[in-house]
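There are 2 protein chains.
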Amino acid sequence: MIAKLTAIPGSIVAARGFRASGVFCDIKRLGTGKGSAKGKKRDLALIVSEVPATVAGMFTTNQACAAPVKVCVERVEKGNAQALVANSGNANACTGRQGLKDAGEMARFTEQALTLPPGSVLVGSTGRIGVTMPMDNIRAGIIEAAVGLGSTPDHAAQAAEAIMTSDTKAKQVAVEFKLGGKSVRVGGICKGAGMIQPGMSATGKRPAANPLHATMLCFITTDARIEAKVLQAALREAVANSFNRITVDSDMSTNDTVLVLANGLAGNPKSGGFGLFQAALSHVCLELAKMIVRDGEGVSRIVTVRVNGAKSFSDADAAARAVANSPLVKTSWHGGDPNWGRIIAAVGYSPATVVEEKVDIGYSAPGSRDILWSLKRGQPTKATFKALCAAVAPKEFDLHVNLNLGRSSAVIYAADLTEEYVDFNKGDVTDPTSLGG
Amino acid sequence: MIAKLTAIPGSIVAARGFRASGVFCDIKRLGTGKGSAKGKKRDLALIVSEVPATVAGMFTTNQACAAPVKVCVERVEKGNAQALVANSGNANACTGRQGLKDAGEMARFTEQALTLPPGSVLVGSTGRIGVTMPMDNIRAGIIEAAVGLGSTPDHAAQAAEAIMTSDTKAKQVAVEFKLGGKSVRVGGICKGAGMIQPGMSATGKRPAANPLHATMLCFITTDARIEAKVLQAALREAVANSFNRITVDSDMSTNDTVLVLANGLAGNPKSGGFGLFQAALSHVCLELAKMIVRDGEGVSRIVTVRVNGAKSFSDADAAARAVANSPLVKTSWHGGDPNWGRIIAAVGYSPATVVEEKVDIGYSAPGSRDILWSLKRGQPTKATFKALCAAVAPKEFDLHVNLNLGRSSAVIYAADLTEEYVDFNKGDVTDPTSLGG
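Residue numbers (the working numbering), protein chains in the order written: chain C, 8 to 444; chain Z, 8 to 444.
The reader is advised that the hints may include incorrect statements.
For lysine-lysine, the following PhoX-like pairs were computed, each having C-alpha atoms within a straight-line distance of at most 20 Å [claimed, not checked]:
#, chain 1, residue 1, chain 2, residue 2
1, C, K212, Z, K318
2, Z, K212, C, K318
3, Z, K189, Z, K277
Hints listed in this document are in silico derivations from the structure and should not be mistaken for laboratory results.
Turn these sequences into a full structure, and let the hints guide you.
Here is the structure:
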């Protein structure tokens, strides 16, 4: 945490002028009758600013892109909005024209329920792909959520719960800092546990030279006064160094979405001091991104892969992703096995330029520069197997790979691969409601 | 099987003039004393032609490339050889100068033991990475193997066992066909179960515009009379459509090697008729490649991913590999879940150009054109969940993805991801000999 940022409670209602709620409206159609075995986890969230806000967004670059993403890309482009509605239990992806109609209807119905102008509500969805939305349930949920809006931390927690799917924990954070003499707040909630290797851009289109790689949803609110263009630039930077740097299982979702609403109620000066805002937004995004990895499906160990000395950023990124997504590396992490052979094999087959005789591989505690090297210049060091096992035994550690070919570096926040991940995701076809997106 | 090819026994000794053997020389240094709990699986194989042969090879494009691969690339370039020695239990990879020296010594020692000219022996290794070779054991093994050479199917089976690592079955095949009035035989053995997504080229260098992705080892013998250049072209074609089209776990090894020795003893005409030789070699490679996928670590289901209608081969290949390597798709296969949402998500995040509204996804029995479509033009069909579950219930099935954008296609032979794979590869750090490459 940067010294000038203070952690505060309330996540998305921490900033002035925001209210939130979360309700259960049975989007998975589990049945709500008495005796239903399924719990009634909330599944529809509403977040509203009391005044119009500027908005920025980042969206999945998956070419199979969900209807709510398409709706948001178009609406965010205008630069302002005032509320957002999001559901879990149904991704509204691969649902064709009906899906687009339903996503639009979710927004319009929310506008009516809150008496907001047309075009001022954004939409997010996560859950099973290819099932059309249960719009009667959605409409009932929106009305209930609108009635239930409030600005206590409990209201924010309801919304954080409502967007969860396979998440085991709600994910929330908020910070406060001074900007031009005014107190400014930034807070967010997010969800994501599987189908996690986001690669988002502002338009949902891929940057030509930068192929990117959950459903993850993240909604951020701030009372900063900031122009939409500046906000978008800040969000792009924050996402590039947080959500776009995590992987649980290498699968990029059809629905990944990050949205920020900035309503200006902090009253900070219109220009200047945005370095600190950037730091706050980046901090919020990174904390939320790390929560996703820690709560990844079946995850038992968290590994931060730090590649240094690459010829270019894209080389560093490619090498880090190859290691972070290698099933053999990930299973060795699960086993507590310091198997550098699998690591150098993954680095070697990555698209990055690598010279085997120059590669260093080592371990440290999270964030520490005190590295135990297992490989130096392509050769095993004298570190004992016992010492290396001890280095990879903690629940979280850093893996350092130095290619010693240049000055570029990249970090990927990764996780191990466990029997629990496989068991969870193979599902149970005798109970289709158990099957994930 | 092509009608003109006849399956015959004997694999690598089926062709005239070849002898083989396999011995146990304790390359993993498990100890051989009485009471040792570990079995004495053979771990060193020898294959020898009684006359000089032309040779061709294909090698891993991993930039961390094992010493025996470096030795073979150099030797195969000359175009002829007479024998090959291969071991399991140690990959001789990331072993630096000592590794190169040891790989060279394996070849030279075999030349001496068999009184063959310098440069006439090729080397292959598979096993744990980063451990120097136990050369005393290797030398003792080579002498014992040289003494034990023979040309019965049992001798071939010994060699096939000796190259196994995590394989549960020896992998062998041989065929016979007529070429220019002469009977010609082609046979091979191979190994591989994990670290399997070969991407081999003739030089071990990557084709610039074609990023490729086990250790797998494959040794083929034939009595065909064929020039080295023609043999190399035939092998490149055969490998491109077999070993380079399989994936178990998306990890490319440091050691992947395919070698063919052709000793000419069939006496076929020097030119002409090589279409049939190509068919035979391609058949042998494809049968062996499929055996690797079927025996993949923890594998319970085999899926042939057939992408059609792509704009280019590289698009078709990229889409097929994205599906074949997606942890979420692979776990759904394990669970018998016809989850097309995960499949279209993988296709959508692949580098291939995809238009969601055009994508068809369906299933058939292996090789059948009778396809049950789950998705047509991006929309779910009326196929029932029960019918789709039945389509993905068999141990082997074909998955058809039609992008409907062009005329290019690609096939990938893939497998599911199981708890057993994870359990096997996390290993047991209290027993380092259990830890794989």
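Evaluated hints:
1. K212(C) x K318(Z): holds (19 Å)
2. K212(Z) x K318(C): With a Cα-Cα distance of about 19 Å, the restraint between K212(Z) and K318(C) holds, given a limit of 20 Å.
3. K189(Z) x K277(Z): holds (12 Å)
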